[in-house]
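Peer 1: Chains A and B are the protein sequences, given in the same order. Mapping of the first sequence onto UniProt numbering: position 198 corresponds to residue 198, and the numbering continues sequentially without gaps. Mapping of the second sequence onto UniProt numbering: position 65 corresponds to residue 65, and the numbering continues sequentially without gaps.
Since the hints were derived computationally from the structure, they do not count as laboratory data. Be aware that a few hints might be false.
So the derived list for chain A, only partly shown, Cβ under 7 Å to chain B, looks like this [stated by the list, open to error]:
id, residue
1, E14
2, D16
3, H21
4, Y23
5, R24
6, T25
7, G28
8, R135
Glycine is no exception: its CB is placed at the ideal position from the N, C-alpha and C atoms.
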Amino acid sequence: MTMVPGNWYAVAAEHDVPAGHIYRTALGGNDQAIRELAIWRASDGAVQVWEDRCPHRGVRFSLGEVVGDELRCQYHAWRFAKGGACTFIPAQPDMKVPGSIHAKAWPVAVSAGLIWTGVDPVGEPPVLGEGAAIRAVPVARPLAEVETALAQADLPGLALTLQPLGDTETIVRGLVANGDCAAADRALAALRRQLECVA
Amino acid sequence: MILYDAHHVAPAYAVRLLAGFLGLPLELQGMDVYPGHDDRSDEFLALNPLGTLPVLVDGDTVFTDWQEILAHLALAHGPDWYPATDPALVGWLGIARDLAASAGAARLMQTFCVPGDLAEAKAQAERLLDEVERRMWFAERAGHGWLLAGTHPTIADIAAFVSIAPCEDGGLSLRDRPALRRWCDRVRFHPGFVPMSGVFPPMANT
Chain A
1 MTMVPGNWYA
11 VAAEHDVPAG
21 HIYRTALGGN
31 DQAIRELAIW
41 RASDGAVQVW
51 EDRCPHRGVR
61 FSLGEVVGDE
71 LRCQYHAWRF
81 AKGGACTFIP
91 AQPDMKVPGS
101 IHAKAWPVAV
111 SAGLIWTGVD
121 PVGEPPVLGE
131 GAAIRAVPVA
141 RPLAEVETAL
151 AQADLPGLAL
161 TLQPLGDTET
171 IVRGLVANGD
181 CAAADRALAA
191 LRRQLECVA
Chain B
1 MILYDAHHVA
11 PAYAVRLLAG
21 FLGLPLELQG
31 MDVYPGHDDR
41 SDEFLALNPL
51 GTLPVLVDGD
61 TVFTDWQEIL
71 AHLALAHGPD
81 WYPATDPALV
91 GWLGIARDLA
101 ASAGAARLMQ
111 TFCVPGDLAE
121 AKAQAERLLD
131 EVERRMWFAE
141 RAGHGWLLAG
151 THPTIADIAA
161 FVSIAPCEDG
171 GLSLRDRPAL
181 RRWCDRVRFH
191 PGFVPMSGVF
201 PPMANT
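Only chain B is shown next, with the shape it has when bound in the complex:
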């Protein structure tokens, strides 16, 4: 499997993270998005006309949507990560997409000079972070540790994590969002976790 990847792009990190949890080898095709704009090359646009990262090539199939890639890998290699009978999965993946478009966008504006309305992105992100914090707090009180009820994390956790964990890069804060910080710890300590810049791995227990 070839992943067209850029280290700092959160949706690409989501795929690397799920692959880490599932123990799947990925052949990474690194893209110089900034300042090289490899994602606007004719060659890449022929693969994915929208020009978004990541892109996964698995055999003859090309996947160009990051959440579809998560679903594909989970269905093929780790169905526990894709609880298809729980409608909440759809809701949470939607929230994760909204987080990418707000918290994730604010991070790209702040760190990689991507143009956009920073104030609006942050305001929307604050509303979403407050709501995810509220839900996670009550989930913890009910004995759950993940976004969906149950004992196993899902692709929704991964999809939300990649926008929430590095959100301080975008000028947002997890201080006084304690349930989100505890949930981030649970993701970080899950076996197979892979880090990215600003998202620390658990240190070796020595």
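Next comes chain A alone, as it looks inside the complex:
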């Protein structure tokens, strides 16, 4: 089992999503199909985690653009407000957009500098403590293997959490207590080399 419904998963750091940017990632694996995600901020700073797919023609939202308080699809410039409701269709400027046209919005929690989501997540995201969000490190190995390696590794001061991307890739995210992101990055790069070499 890689992605478990009910769990929260960190899928970005807060600093990954500056105003006006659409961050792109994915979550899933095993019996859960991999879901492409587009993450952006409304002008009030509220983080939006959406399926990376316009409900109109299926083009990735992450190719689009944040305009004011809305995300605009690159293909036909349909606009979607926070929460996911379509607000404007340029080809039908006088039409009231039917309420059924909606981007698929995922649950969102922001804690410890990380952005969390999941399928029907329960309660609050895990508490990682204090520290600076490290650079996320992708590892081309299944989540269970990365989990085992992390449990055996000596990584003092790091509080880590894993984001599964399908059955063969996992992203290591987390916090470093003393703020030394460069040292944390070197340690995780070494772990990545070790894990990917035995493959």
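With chain A's structure known, arrange chain B on it following the hints.
Peer 2: Using the frame of chain A, we list chain B on its own:
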């Protein structure tokens, strides 16, 4: 200035992009590289025996190397784009050339039937993209937005951008390379940006 150009050739796009940022008019001489192979004609090989694009003719001078063209235009028209006192410029232009030979080559193999070792090109590109991502992430944390330290983009950004921005054409991905995607946004939103196929301009802010 005459630019011997092909729309999809990344190094030629680099020159059009810098000209856009600098507001320089270029007379484009379009070449049918595929399937026409204009770049193998006697006439073109007389101009550039290596047969590579782009070629810039500026007055009496013929430039046949894309990075040399970027340097020439920047030195003549926008010295902020060519920080000659920073040795990192040489390193980054080298990485940009390596990216063209890997990510750029993979794109040409996938989209224009150029022969080559696709697996090796992609493997080398993955290593380079990982490293540029790592450096850009730490540069952002240090308050920088461009490949070289400083507040102004340089020809190194342009030289790397033309291989990185369209890299998905070559079967590579910018997903989960967030610092590179943010940097691509900064290039796209820089005044004077010109697009090419697959590299979108910012939409009009309406």
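Peer 1: Work down the list of hints and note, for each, if the structure agrees.
Peer 2: Here's how the hints hold up against the structure:
Look at E14 (chain A): its Cβ only gets to about 12 Å from chain B, farther than 7 Å, so that hint breaks. For D16 (chain A), the interface hint holds, the least distance from its beta-carbon to any beta-carbon of chain B being 5 Å, beneath 7 Å. At a threshold of 7 Å, the smallest CB-CB gap from H21 (chain A) to chain B is about 6 Å, leaving the interface hint in force. Nearest Cβ of chain B to the Cβ of Y23 (chain A): about 6 Å, under the 7 Å cut. The hint holds.
Interface restraint check: R24 (chain A) against chain B, minimum CB-CB distance 5 Å, threshold 7 Å, status holds. Contact between T25 (chain A) and chain B, as hinted, is supported at the beta carbon level, the nearest pair being about 6 Å apart and thus within 7 Å. With its C-beta approaching chain B no nearer than about 13 Å, G28 (chain A) sits outside the 7 Å limit, and its interface hint is violated. Taking 7 Å as the C-beta cut-off, the interface hint given for R135 (chain A) holds, the closest approach to chain B being about 5 Å.
When each numbered hint is compared with the structure, violations occur for hints 1, 7.
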